[in-house]
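Undergrad: The primary structure of each chain is shown beneath.
There are 4 protein chains.
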Amino acid sequence: MKESINIGMAGYGMIGRLHSMNYGQLPFIYPGTIPRPVLHTVCASSAASAQAAAREGGFHHYTTSLEELTASPAIDVIDVSLPNSLHRKAVCMALQAGKAVYCEKPLAATLEDAQAMAAAADKSGAPFGMVFQYRFLPAILKAREILAAGRLGRIFTWRAVYLHSGYQNPQRPMSWRMRKEEGGCGALGDLGSHIIDLLRYLTGDFASVQGHLETFIQQRPIARGAAEMSTVSVDDAVWFKARMKNGSVGTLEASRFATGTMEDLRVEIHGERGALKFDLMDPGFLHYFDEAKAQGDFGGERGWQRLESAQHYPGALTPPARAPIGWQRSHTENQYAFLRAISQNRLPSPGLEDGLKVQQVIDAVERSAKAGGTWINV
Amino acid sequence: MKESINIGMAGYGMIGRLHSMNYGQLPFIYPGTIPRPVLHTVCASSAASAQAAAREGGFHHYTTSLEELTASPAIDVIDVSLPNSLHRKAVCMALQAGKAVYCEKPLAATLEDAQAMAAAADKSGAPFGMVFQYRFLPAILKAREILAAGRLGRIFTWRAVYLHSGYQNPQRPMSWRMRKEEGGCGALGDLGSHIIDLLRYLTGDFASVQGHLETFIQQRPIARGAAEMSTVSVDDAVWFKARMKNGSVGTLEASRFATGTMEDLRVEIHGERGALKFDLMDPGFLHYFDEAKAQGDFGGERGWQRLESAQHYPGALTPPARAPIGWQRSHTENQYAFLRAISQNRLPSPGLEDGLKVQQVIDAVERSAKAGGTWINV
Amino acid sequence: MKESINIGMAGYGMIGRLHSMNYGQLPFIYPGTIPRPVLHTVCASSAASAQAAAREGGFHHYTTSLEELTASPAIDVIDVSLPNSLHRKAVCMALQAGKAVYCEKPLAATLEDAQAMAAAADKSGAPFGMVFQYRFLPAILKAREILAAGRLGRIFTWRAVYLHSGYQNPQRPMSWRMRKEEGGCGALGDLGSHIIDLLRYLTGDFASVQGHLETFIQQRPIARGAAEMSTVSVDDAVWFKARMKNGSVGTLEASRFATGTMEDLRVEIHGERGALKFDLMDPGFLHYFDEAKAQGDFGGERGWQRLESAQHYPGALTPPARAPIGWQRSHTENQYAFLRAISQNRLPSPGLEDGLKVQQVIDAVERSAKAGGTWINV
Amino acid sequence: MKESINIGMAGYGMIGRLHSMNYGQLPFIYPGTIPRPVLHTVCASSAASAQAAAREGGFHHYTTSLEELTASPAIDVIDVSLPNSLHRKAVCMALQAGKAVYCEKPLAATLEDAQAMAAAADKSGAPFGMVFQYRFLPAILKAREILAAGRLGRIFTWRAVYLHSGYQNPQRPMSWRMRKEEGGCGALGDLGSHIIDLLRYLTGDFASVQGHLETFIQQRPIARGAAEMSTVSVDDAVWFKARMKNGSVGTLEASRFATGTMEDLRVEIHGERGALKFDLMDPGFLHYFDEAKAQGDFGGERGWQRLESAQHYPGALTPPARAPIGWQRSHTENQYAFLRAISQNRLPSPGLEDGLKVQQVIDAVERSAKAGGTWINV
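From first to last, the protein sequence lines stand for chains A, B, C and D.
The numbering used here puts the first residue of the first sequence at 1, with every later residue one more than the last.
The numbering used here puts the first residue of the second sequence at 1, with every later residue one more than the last.
The numbering used here puts the first residue of the third sequence at 1, with every later residue one more than the last.
The numbering used here puts the first residue of the fourth sequence at 1, with every later residue one more than the last.
Just so you know, the hints here were simulated from the structure itself, not pulled from any lab data.
One or more hints might be untrue.
Stated by the list, open to error - What the simulated footprint calls covered on chain B by chain C, stretch by stretch (three residues with Cβ under 8 angstroms from a Cβ of chain C suffice, anywhere in the stretch; the number is not a length):
#, stretch
1, 12 to 21
2, 125 to 137
3, 274 to 283
4, 327 to 340
Note that the Cβ used here is the ideal one computed from N, Cα and C, for glycine as well.
All chains should be modelled from the sequences, with the hints used to inform the complete structure.
TA: Below is the structure:
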């Protein structure tokens with residue numbers, strides 16, 4: 001194993017900063033199991049912001065040029081934390097330069113971009129890791145194990161929502177996140193991508209979808225308090241029904257209009273022999289209902305079990321396993337899984353194909369919505 | 001006010017027995033406010049069961065003839081607790097005889113039946129009360145007040161589910177509830193009718209719907225352990241999206257395949273200025289989020305409030321207002337509201353129109369589902 | 001089995017009314033299993049209130065004389081729902097007359113009264129049932145089964161609280177409940193008696209206690225808004241530590257000063273091999289932690305199970321078993337258990353001895369508190 | 001402001017590792033607000049472990065000598081993460097050398113040690129920060145604000161528990177944590193110190209206490225599966241009642257025998273005008289009951305509000321404010337508050353006096369327990 005691995009950060013917004021912080025935690029949590037990640041170079045859009053990022057993060061170098069970043073022979077990994085519409089360019093350059101890529105979700109702004117990136121990855125052969133951090137919550141890891149062991153039997157139905165609030169205020173001014181050409185996507189891409197991936201991860205591939213997009217507030221002030229208005233070009237909320245390849249049927253909803261919610265990502269899965277529930281606002285626990293137990297002692301021990309799941313980070317040395325974990329830890333573990341995979345010459349998981357499949361579902365939902373809600377095969 | 005009011009029970013299954021028991025509680029909970037309900041006559045399908053019902057319930061008389069029941073001059077109210085497909089006949093006979101009617105939900109097995117009953121009611125002029133008991137949970141009463149006062153502002157979105165379990169076991173044998181000609185409806189009519197009514201009660205009328213019905217297990221043993229199979233002719237689960245007349249959009253789901261659930265009726269409503277959540281499994285509380293409070297002291301008191309709602313049964317003398325209430329109480333209060341209305345010559349609420357409107361939504365959902373999920377105006 | 005059983009109600013306050021209402025429900029819930037309870041005679045302090053009670057409840061007779069009530073040869077059961085300080089007189093008269101007695105908790109206002117009643121019961125031989133209704137919540141029935149089966153192993157520790165609110169307002173005026181000579185007891189007798197009984201029921205007898213009583217507000221207005229003050233002579237809150245005969249140690253708290261609480265009775269028990277939790281505000285569920293499961297599949301299924309417990313009312317015909325139950329049901333079941341026992345010539349449980357043992361603990365706690373908190377053997 | 005601040009780590013167990021990891025996060029969360037913490041030197045008990053710690057953490061130097069560590073002129077802060085019994089020596093040396101000290105809780109193994117450290121701090125004048133990390137949970141920060149603003153009115157009563165599990169297994173072998181001479185304390189010092197500090201922080205100083213210590217299992221195998229036994233010399237669990245200087249009365253419990261618990265630290269406070277509840281297992285929320293709201297619209301909005309509290313880390317740039325936080329963050333914030341205070345020449349809070357006062361309560365509880373539970377003034 002190499003002593004260290006050099007990270008090149010493409011983008012240093014909230015997410016770029018978060019990734020950078022998390023790399024530095026890995027040697028303490030999992031000492032000796034991966035090369036030490038080194039914050040080598042940060043690339044931001046202006047020299048001033050790049051320099052500030054370098055100072056803040058302790059990067060050895062900074063640049064405003066993706067070309068320079070991806071060409072640097074010292075760099076092992078390009079971490080793509082850019083706005084969605086810039087993913088394609090950065091990823092393709094990194095892959096062409098043979099760098100390992102670690103890419104934030106969604107993979108791309110459009111299915112076309114995603115397919116181009118997949119082609120570039122095929123050609124390059126360099127390892128590619130996706131960020132779908134919720135896979136790494138211990139509750140989700142345990143859900144995957146329970147499902148993989150067939151403990152739920154045939155899956156009949158499920159529901160998944162990812163609810164944010166804040167946009168329901170009509171005075172909230174326009175921003176790049178509400179313009180398709182910049183943000184690339186609304187609630188569907190931003191929030192929906194997470195629940196699409198989780199459903200795939202837990203129950204397998206999508207077969208067909210029936211979608212509905214809604215933009216509740218179509219005109220917003222161009223700035224706080226401004227009289228001039230601008231047109232919102234993305235969805236505020238999306239609902240879609242889906243049939244999975246395993247025959248199950250369910251609904252997904254992603255919304256920025258759910259007053260009162262914070263990070264309310266909830267998944268519920270019902271099978272012939274059991275059921276699972278998860279809520280991101282209580283991220284350390286998986287709720288499991290085992291139909292078999294209903295037949296046991298004491299007239300049956302029928303009831304949901306709230307499973308602790310801390311033991312799913314087995315080698316972790318700190319913090320203590322019984323203490324509650326937060327949202328941040330899911331990112332740290334995603335980064336760890338990526339670095340461990342590439343240091344062992346294994347394919348990172350989730351990888352580009354996972355990002356691409358999510359993009360295919362998003363695209364099918366958009367096409368169904370445009371067609372007034374017909375079923376579309378994925 | 002009359003001293004007493006004579007009840008004629010049409011049907012004495014689980015629900016008929018429940019109503020009968022509840023009438024006897026009203027003089028203790030609300031003494032002196034309504035005529036004392038008297039269990040006068042019970043009508044069941046066989047003489048033996050009618051006699052047993054009379055003995056059990058302390059009815060003065062029993063019969064097997066709806067004609068006899070509805071013709072009895074001593075009877076003031078006909079309580080229709082029969083299977084859905086028999087509602088039309090009993091209701092029309094009672095109305096023709098000028099009796100007040102108290103009818104279990106859903107109003108009818110088909111929209112056609114419901115319309116015939118509405119015509120009979122128009123002609124008769126006799127008072128008509130529906131059972132939609134969940135309206136009478138204190139949390140729902142409070143939700144109605146909060147919404148009526150405009151505290152949520154413009155409503156954007158909502159979701160409602162009513163989930164039962166038990167049918168997901170493929171060994172569960174066929175029963176009348178799974179045969180359209182007898183039960184009249186599957187999850188849509190049985191469970192869906194409740195959440196359709198609640199949504200209407202809270203947010204107003206439905207404008208259009210897009211439905212999907214699913215029968216997961218189409219063949220079932222004719223009896224426990226039997227090899228011979230029979231065909232299920234109703235839905236196991238239903239999903240529908242709806243646009244309300246107030247412009248809001250949301251989803252409803254009713255299912256008998258939700259392993260792990262009990263009486264999981266949940267409603268969530270998000271508006272511009274606040275939000276509400278309710279769960280029948282925690283029936284004494286309404287969760288309320290007030291966006292305005294987020295701007296107050298202490299950096300904002302942002303968070304859901306779990307409202308006690310016991311004060312919504314203001315004259316109730318027993319049990320103590322702070323003690324947890326159960327499912328049964330919603331029925332008791334529905335019966336009380338009906339008897340109080342007719343004793344004061346007011347129109348019972350909910351009434352026939354509420355039953356009819358629910359039936360129209362059910363019918364529209366079925367037609368949309370048959371057409372592959374097109375939007376249908378209600 | 002007799003056809004019917006005649007009830008004589010001694011007292012018709014909130015609790016007397018509740019009992020009267022509940023007797024009428026039993027034939028519907030458990031038809032054919034007990035003689036039909038008949039509301040025969042009600043005894044209240046004034047002729048007007050007795051007559052009103054009779055009319056409201058449909059009693060055949062009314063009286064203001066306990067002598068007349070207990071002497072009536074037609075009456076089978078005397079239901080003692082009087083203020084605590086009057087229990088002794090009514091119970092002793094009923095027992096002397098050979099009537100079965102059903103007595104509200106606490107058994108008596110003082111240990112001396114309780115002992116006199118025990119002596120009267122011994123002499124009479126008539127059956128004696130106590131009201132400790134929380135024993136009849138299905139969650140508590142299940143907890144008892146789990147404990148009786150040894151599933152928790154050696155019990156180490158537990159905690160129990162019963163918290164009410166309302167008295168923390170210093171403007172709340174004086175009432176009979178705050179005068180020792182009338183109410184007989186404060187939080188200790190009123191609320192503490194319930195948790196003392198539950199602990200006994202679940203984990204066995206008390207060995208020794210160490211108590212502390214507090215009266216936070218010692219002077220209160222004699223009426224709402226009055227300037228004149230009166231002295232509170234009972235405890236507002238009580239805390240006590242106890243060692244049980246099984247060697248376990250824990251704490252109990254009862255309070256009327258717990259702002260924000262409703263009927264917050266909570267019990268938690270920790271043993272070598274498992275643990276249990278119960279909260280009266282969620283009365284249909286028992287939380288069970290099984291240490292053994294922590295060693296099983298998937299790195300251990302470690303976590304609390306929220307057990308449904310509806311199956312603990314096995315013969316109940318209504319309401320449906322999966323629907324949430326409320327506080328009232330615990331009383332109905334206590335009454336049913338009493339009537340079933342006496343109709344089958346079995347000893348009612350809980351019985352007088354249970355009431356007496358609770359009184360002994362109360363007395364020991366009071367003596368310990370007076371002595372500044374020394375340990376006192378029960 | 002200096003560019004950087006050099007940390008000398010005394011001890012590198014689980015907690016030392018955690019602190020070291022957290023220092024590296026501060027520049028990302030709060031860029032530009034404190035000097036960059038630099039992991040300068042680590043001191044561990046053996047050369048091998050010190051070298052391994054240095055490699056893992058990226059420390060510039062390592063040593064086995066506290067003398068060398070505290071004498072190093074380059075070092076600004078000594079972080080004392082040693083076993084309790086070694087605190088006194090390390091702290092006194094650091095103070096004598098004029099270093100800022102950051103000390104894990106409890107301050108010391110004995111009150112005598114704590115007083116010696118206080119004397120050394122007085123003499124030195126160097127800044128002294130304590131670790132009582134739970135003060136820095138946003139819910140606790142908000143609770144402090146609400147209490148400081150008098151929103152609860154007069155405080156009447158409260159309860160606090162800190163429950164761990166694991167020791168209830170009699171096969172669990174002896175360890176240094178169960179030997180007084182090494183661990184210094186059992187549940188009282190380890191867990192009790194946290195809830196003592198929280199109560200002080202929220203409601204002010206302790207006036208008097210009445211304590212009880214229990215060692216349920218007094219003999220344990222010297223190693224897993226060993227036949228030879230060793231004597232436990234610390235408490236497994238502690239209960240104490242306390243009267244605070246503000247007149248309120250309540251109970252505290254700390255236990256390692258609470259089967260089924262994880263990090264179950266719960267605090268409930270009841271005042272005349274409101275109440276607060278907190279549970280460490282749901283660390284992002286404070287539950288607040290405002291008696292005043294019970295008098296408002298809709299028959300009163302009576303009910304607990306679950307306050308989000310993310311806005312209490314106002315300058316934090318990552319992770320997003322609405323995402324759930326975990327246990328780790330409380331430590332990160334404690335470290336940040338300490339470094340910010342000393343970089344601004346303010347007294348760190350919590351400081352030595354807070355550690356000392358907790359030690360005085362611990363000592364009083366031990367003395368009361370030894371005396372059979374008499375009240376002891378703190």
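Undergrad: Hint by hint, note whether the structure agrees.
TA: Verification of the supplied hints:
Note: the stretch 12 to 21 of chain B has 5 residues with beta-carbon separation from chain C under 8 angstroms; the three-residue rule is met and the coverage holds. With a threshold of 8 angstroms between beta carbons, the proposed coverage of the stretch 125 to 137 of chain B by chain C is violated, since 0 of its residues qualify and at least three are required. Under a criterion of three residues with beta carbons nearer than 8 angstroms to beta carbons of chain C, the stated coverage of the stretch 274 to 283 of chain B is upheld, 4 such residues being counted. Given as covered by chain C, the stretch 327 to 340 of chain B passes the check, having 4 residues with a CB less than 8 angstroms from a CB of that chain where 3 are the minimum.
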